[in-house]
Amino acid sequence: MEMPIPNPSILNAKARIVERLRAVLPEDAVIDDIAETRAYECDALSAYRCPPLAAVLPRTTAEVSAVLRVCFEEGVPVVPRGSGTSLAGGALPTADCVILGVSRLNEVLETDYANRFIRVQSGRTNLSVTGAVEADGFFYAPDPSSQLACAIAGNIAMNSGGAHCLKYGVTTNNLLGVVMVMMDGTVVEIGGAHLDAGGLDLLGVICGSEGQLGVVTEATLRILRKPEGARPVLMGFDSNVVAGECVSDIIKAGVLPVAIEFMDRPCIRATEDFAHAGYPDCEALLIVEVEGSDAEIDEQLGVILAIARRHNPVELRESKSEEEAKKIWLGRKSAFGAMGQINDYMCLDGTIPVSALPLVLRRIGEMSREFGLDVGNVFHAGDGNMHPLILYNANKPGDLEKCEAFGAEILKLCVEVGGCLTGEHGVGIEKRDLMGVQFSGVDMEAQLWVKDVFDPKWLLNPAKVFPLAVTAGRRVA
Amino acid sequence: MGRAGRMRPGSEAELAEAVRGAAGPLVVRGGGTRGVGRPVTGEVLETSGVAGITLYEPGALTLVAGAGTPMAEIEAALAAERQRLPFEPGDMRGLLGTSGESTIGGVVAANASGPRRVQAGACRDSLIGVRFVDGAGNVVKNGGRVMKNVTGYDLVKLMAGSWGTLGVLSEVSFKVLPVPATQATVLVRGVALTDAAAAMAAAVGSPFEVSGAAWSEADGVMLRIEGFAASVSYRAGRLRELLRRFGEIEVEGDAEAVAARWRAVRDVGAFAGRVGDVWRVSVKPSDAAGIVARMGPEAVLLDWAGGLIWALVATGTDLRARIGAFQGHATLMRAAPEVRARIAPFQPEAAAVAALAAGLRAKFDPRGILNPGLMD
Numbered sequence: 001m002e003m004p005i006p007n008p009s010i011l012n013a014k015a016r017i018v019e020r021l022r023a024v025l026p027e028d029a030v031i032d033d034i035a036e037t038r039a040y041e042c043d044a045l046s047a048y049r050c051p052p053l054a055a056v057l058p059r060t061t062a063e064v065s066a067v068l069r070v071c072f073e074e075g076v077p078v079v080p081r082g083s084g085t086s087l088a089g090g091a092l093p094t095a096d097c098v099i100l101g102v103s104r105l106n107e108v109l110e111t112d113y114a115n116r117f118i119r120v121q122s123g124r125t126n127l128s129v130t131g132a133v134e135a136d137g138f139f140y141a142p143d144p145s146s147q148l149a150c151a152i153a154g155n156i157a158m159n160s161g162g163a164h165c166l167k168y169g170v171t172t173n174n175l176l177g178v179v180m181v182m183m184d185g186t187v188v189e190i191g192g193a194h195l196d197a198g199g200l201d202l203l204g205v206i207c208g209s210e211g212q213l214g215v216v217t218e219a220t221l222r223i224l225r226k227p228e229g230a231r232p233v234l235m236g237f238d239s240n241v242v243a244g245e246c247v248s249d250i251i252k253a254g255v256l257p258v259a260i261e262f263m264d265r266p267c268i269r270a271t272e273d274f275a276h277a278g279y280p281d282c283e284a285l286l287i288v289e290v291e292g293s294d295a296e297i298d299e300q301l302g303v304i305l306a307i308a309r310r311h312n313p314v315e316l317r318e319s320k321s322e323e324e325a326k327k328i329w330l331g332r333k334s335a336f337g338a339m340g341q342i343n344d345y346m347c348l349d350g351t352i353p354v355s356a357l358p359l360v361l362r363r364i365g366e367m368s369r370e371f372g373l374d375v376g377n378v379f380h381a382g383d384g385n386m387h388p389l390i391l392y393n394a395n396k397p398g399d400l401e402k403c404e405a406f407g408a409e410i411l412k413l414c415v416e417v418g419g420c421l422t423g424e425h426g427v428g429i430e431k432r433d434l435m436g437v438q439f440s441g442v443d444m445e446a447q448l449w450v451k452d453v454f455d456p457k458w459l460l461n462p463a464k465v466f467p468l469a470v471t472a473g474r475r476v477a
Numbered sequence: 478m479g480r481a482g483r484m485r486p487g488s489e490a491e492l493a494e495a496v497r498g499a500a501g502p503l504v505v506r507g508g509g510t511r512g513v514g515r516p517v518t519g520e521v522l523e524t525s526g527v528a529g530i531t532l533y534e535p536g537a538l539t540l541v542a543g544a545g546t547p548m549a550e551i552e553a554a555l556a557a558e559r560q561r562l563p564f565e566p567g568d569m570r571g572l573l574g575t576s577g578e579s580t581i582g583g584v585v586a587a588n589a590s591g592p593r594r595v596q597a598g599a600c601r602d603s604l605i606g607v608r609f610v611d612g613a614g615n616v617v618k619n620g621g622r623v624m625k626n627v628t629g630y631d632l633v634k635l636m637a638g639s640w641g642t643l644g645v646l647s648e649v650s651f652k653v654l655p656v657p658a659t660q661a662t663v664l665v666r667g668v669a670l671t672d673a674a675a676a677m678a679a680a681v682g683s684p685f686e687v688s689g690a691a692w693s694e695a696d697g698v699m700l701r702i703e704g705f706a707a708s709v710s711y712r713a714g715r716l717r718e719l720l721r722r723f724g725e726i727e728v729e730g731d732a733e734a735v736a737a738r739w740r741a742v743r744d745v746g747a748f749a750g751r752v753g754d755v756w757r758v759s760v761k762p763s764d765a766a767g768i769v770a771r772m773g774p775e776a777v778l779l780d781w782a783g784g785l786i787w788a789l790v791a792t793g794t795d796l797r798a799r800i801g802a803f804q805g806h807a808t809l810m811r812a813a814p815e816v817r818a819r820i821a822p823f824q825p826e827a828a829a830v831a832a833l834a835a836g837l838r839a840k841f842d843p844r845g846i847l848n849p850g851l852m853d
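Heads up: the sequence lines are chains B and Z, in that order. Numbering of the first sequence is given in this note's numbering, commencing with residue 1 and proceeding in unit increments. Numbering of the second sequence is given in this note's numbering, commencing with residue 478 and proceeding in unit increments.
To be clear, the hints were calculated from the coordinates, so they are not data collected in a lab. Model, not experiment: these values are computed from the prediction. Don't take each hint at face value.
In silico lysine-lysine, BS3-like type, Cα no more than 30 Å apart, as pairs [to be verified]: (1) K167/B x K618/Z; (2) K840/Z x K457/B; (3) K333/B x K252/B; (4) K333/B x K167/B; (5) K226/B x K326/B; (6) K252/B x K327/B; (7) K326/B x K167/B; (8) K618/Z x K412/B; (9) K618/Z x K457/B; (10) K320/B x K333/B; (11) K320/B x K226/B; (12) K252/B x K618/Z.
The shape of chain Z in the complex, shown without the other chains (with noise of 0.2 Å):
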């Protein structure tokens, strides 16, 4: 155990000992580098502790892990089995100001997903199994190590996104996958936000497996392809003909301009350092560039191919009210803690969704304890 006011367990026994013991609320945190949500005060408890990678079969695409074990460590086993987590979770210290090491249970608990969502699926789609603990101390698995599984109500998808107000997660399993050989980037110069969205939809509705489509101001529409170096090419070669009539085709295939590119995108590069709030708003993609002309933004990045939008909005803007009523959600991923107490960070539900996920929050944490308010 650390200093007072901090817990840091060292198993998932001394967790759930945590837990049970606490007398008020806890401050959930994994390596502390998604300060999202309502400001929750109370005794930290961090799951760094609970860590270390415990399986990992190459041969089945399976890895499990302490849910405090760092992403660098999953990062780097994965790697040199040339593997990787399908969903692409973002490394948001520069975004968000926080330093810290980011843990494979803190990217659970914020369902993180980047540019590749568009096509292997979100975090809780790559998520195949949980252990956590509940708010009364209870340590509950769900799940397990295999990629198919409907036994029983699937809570693995419940905890994920659930930032810590269920349960503190203990260990997670993943389904993984290949590394692929080669990617390369098309890259449609020029086109305005009013036709991003429809050059990404010709590009991610083609039979050409498009892994990643992004657009901003500077770069236009940006396109990712992986896979053999054959096949990278031909398809580079078929959505230039696709997309010509959007604007100048480029394609860059050099492996660590790629890279870097992409990485850009998954972080928002754009926006670390800069002043000002951050939203993240996911709208069907034909909706984005309306939505965005509403929100009168100082800066904007599409991802997901028009799906996922990241605004940079001057302090204390409360967005929701600029968009109007639409279809999706806008969460406050950056601001200061007085901006997180007066405007609501994540999208408030409907009445009788509301209730419904008040009832399991109050059956999984009868005490209200774990992150209480942070998802209000």
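Pulled out of the complex, with its shape left as it was, chain B reads as follows (with noise of 0.2 Å):
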């Protein structure tokens, strides 16, 4: 993966930056000595590291504000930090950068039940979010399989989303305003706690903008009141097209269940041998999962069971306890342990039309026998948000770059069957060479104008998102 080479005079001029840095901020906030920054050499795409110039840990928007306008004055690249869980490289350091890490903006603001809102610091993680509201029966939608970890600023970078988006949305359905400070320092308040905007909606750029149009420093949220309950029920089927036309038939039958997940048959069997959840040996399983009360749920399942059964399932699994209902859920669940007990996997993220999931599955299966490496299908079947995990092994020479050139043409299939490059995790350093694919020069550089007008100088993450050579005119680092 190539990054821009480090600008000397940067590296050069790192005492006196620190200097300024630590002029700004208390004196435990900034981190430069080299065995200290090495805990921010990476992300989640933990094959890539690189220490940064240093890293700062701000408490308050003044100190975020401060921080910026230094690295600004200096001509310091910036690359912000939530709690490092981009799978994508969205928070990889350049050794020229400072890290702003913004785990230490952790406190809850405003809690508003009657308007149904929470503002929060953006360091706050997002499960901890719910965990604020949930003993008043309320929720945070969005819920990414890192929630426990990952935090709201980065949430709000990738637009993440989650195994229930599609009755909920993802977080740039449910973020109402935000606090944002610029690279030049000036600090910014985007909408609220009313919805929508009142001229253009730079809240909508904002969100999934992967950290280069500024910093949030904080998130008004909406929260939802909980439902009066959940279930889930568990279908296999002996083919991926049968499992296929069922989703589609459940959708247009007018349920709209909570979540619908997908699993192949390769994914089902290491699964099974990892946490033994009793799934059945067959091509295509899935989870449908309904809400509302008792009588709702039941209801709905009824007409989900009912077009199951017309699919000839080879197994149609009901949950009747909360036990049940768990044990449906935690093979899908433990699904990347597994795959990662047998070896290293990278995880894609396309998203395809719901529609063209037989023909990327059969395509996928052929490529896996091209490339030899072995592939198993975990998917949001509601919103066609595939999540393929490709297995390899890191001490194999030559095995990542193999699976690399894998996962791009699994991404280039999804994109030339109508879908896109990334449903969820971001583009990163991961996909950013990737994104002619999906885009031509000329819709690339629209997107290149939103970077100009929020980061003219473009040291806000500059290296990823788009391919290097695309951005070269503008990056001064």
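The two chains are supplied separately, each in an independent frame; assemble them into the complex guided by the hints.
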């Protein structure tokens, strides 16, 4: 993975830059010792590492502003970091950058049930947002798998999703407002407890901009009342095509499940060996979950099961108790862990039109044989977001490269059938060089204009999202 | 191409050509049913020729159409599969005194959303892809036809509600939803304005999936529930218990009556034909009563659980001056051109935010020819 050559004049000025940062932050908020900066050398895309020039851990919006002002004046690139759980390398440093970690900005600022919002500092973890309101019966809907660790700041940067987006949407649909610090230190407030923008929808473009437009320090998030209950069913089919048709028929029937998860045979076998959830050995498995009161759940599941029966399932399993429900989810929730037991894996994130599922799974199977690498598929079937897990051996020379080449082919296939490179993980460095597959030069240029306006010197997370060749004329770093 | 002073390109390529070749300001127009914003003079560029549904997959909940496609055509195609646009865009012709055929592109340009916004999100939340022509005549695409997509910046949201000032939409893609089997309205009679937001908050803050929460002086609080029959009846019962402390409860179950009621809320039918200016004010719901009191309106309708105030006021009233400082934004939706020239139809923004918006317009429309000044 190519990264820009560090700017020697910044490296040489490290002492002065660190001194200026120390002047505006408390003693414990600036990290420049080489041993300690290693803690920030990578995120969850751990194949790529580079310690930053320094890391800063501000506690307030004013401190973030002061840091950015210093870096702006010094011309130092800044890489914002939530909890470092990005699978796309969104928080990967360069040697000449300052990592701005928001982990100490973790307070709840306001909880308002009457108006259904919570205002938090952006370093707060996703799950702890729900944690702050769940005793009162509320929750924050977006639920990425990393929700125990990932920060709201990172969720906003990547427009994170989760398993329940079919009903509740992704981060951008649940974000009401932000306080954001621009690269020059200016603090802007966009949106709030009211709905929609009065002028241009800047919030919409900030969400998902991968930390390239500003550093969000506070977020106003919509919270929802928890449903009375939820219950999953499990269905096994002997063909991917039939499972896909079943999903389509469920959706067409007017039921809106909160989640429809799909696993293919390699994934089912791996999780069965690992988690012993008692899944049937079949070609394709669906977990469909609906919400409501007990009677409402029965009514919806009645419709869903009738549809499933028309597709000759090899197994239909309902859950009569909390324990049985947990068992249905057990395999799905341990899928990544199970695959990790077999080997190292790379998790892809392309989205496809649901109708293209059989074709895409068949092509992935063919490519798996061509590349000689195994792959299992976990899939948010309701919204088309695929998660192929390609197994490789990190200790075997050339395997990572082969895996990346295979992954790139899968993502190109996603785009070819009308989908996209990434549904919820973000581009980061991982898919940066594939952007040209999905976007023309003109399409990308229009996106670069947005960054030109928000960060004219191109100092915020500059080497991400777009191919380096495309941004070369704009980046100073 | 149409008569002088008016262009009606028949394809995206012709649309791009028309923008590229424009010598001066363009008045971008879908169906011309939403005459909102500062008056703009220039050559009219109609998008109604870039029309037609290009893809509709009911099983994938996805619809793609040319921006000039009439709303009526979109709604009919969806209805045939028992599906709909989640955000319930209104028909503003009665309210605004306009005629013509509303287009899907116009709905997007206005980010028009009705009562269901409170549950299913705004137009921008269902919009998953756009193609548009920028001010230099380039065709740009963003997003696509899948509902989960974080590839690159989300210009889709930026285009929604930009009123044609960043680009001329040529194609729009949506996530759509099934039409529930049945619906009902729970009415809480005799609720005063000052209690309305609290009553609606209790309802939308319940687990009973309210898909519309509105208030008017005449009807009191109106709460819509949708779903399978048994579920609707169950939730109506639960809401009845929950809200009886606010007033007398009545449940409206007749499908026609329910649909007519929510169409009237959506289209602000009560203000149609009445003299005066119409404002649309987005606020924190619990602030609504206080803000309405400061407005001194001739008539008012609350939607979005109190988060949206529709206010009818005397012609030429500067409503923002009456309200004073508040959290949210006020848009002048209906007024004579001279009033819209004098009073900013869109909420003035803080300097740093306004600078960002101006910067974006300068990039997307470097010659300043797309509905210039409309949102100023």
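We went through each hint and held it up to the structure:
A threshold of 30 Å between alpha carbons decides the hint, and for K167/B with K618/Z the separation of about 26 Å falls inside it, so the pair holds. In summary, the hint linking K840/Z to K457/B is supported, as the alpha carbons are separated by about 16 Å, within the 30 Å threshold. This hinted pair checks out: K333/B and K252/B have alpha carbons roughly 27 Å apart, not beyond 30 Å. With a C-alpha separation of about 19 Å, the suggested pair K333/B and K167/B falls inside the 30 Å cut-off, and the hint holds.
Under the criterion of a C-alpha separation no larger than 30 Å, the hint pairing K226/B with K326/B is consistent with the structure, at around 18 Å. Of the pairs offered as hints, the one joining K252/B and K327/B holds, with about 28 Å between alpha carbons and a cut-off of 30 Å not exceeded. A threshold of 30 Å between alpha carbons decides the hint, and for K326/B with K167/B the separation of about 21 Å falls inside it, so the pair holds. Restraint check for K618/Z and K412/B: satisfied, since their Cα atoms lie roughly 18 Å apart, inside the 30 Å limit.
About 26 Å separates the Cα atoms of K618/Z and K457/B, which keeps this hinted pair within 30 Å; it holds. Proximity of K320/B to K333/B is assessed by CA-CA distance (about 20 Å); at most 30 Å being required, the pair is judged to hold. Simply put, K320/B and K226/B have alpha-carbon atoms about 20 Å apart, close enough for the 30 Å limit, and the pair holds. Annotation: proposed proximity of K252/B to K618/Z holds, straight-line Cα distance about 28 Å (limit 30 Å).
Checked against the numbered hints given earlier, this structure breaks none of them.
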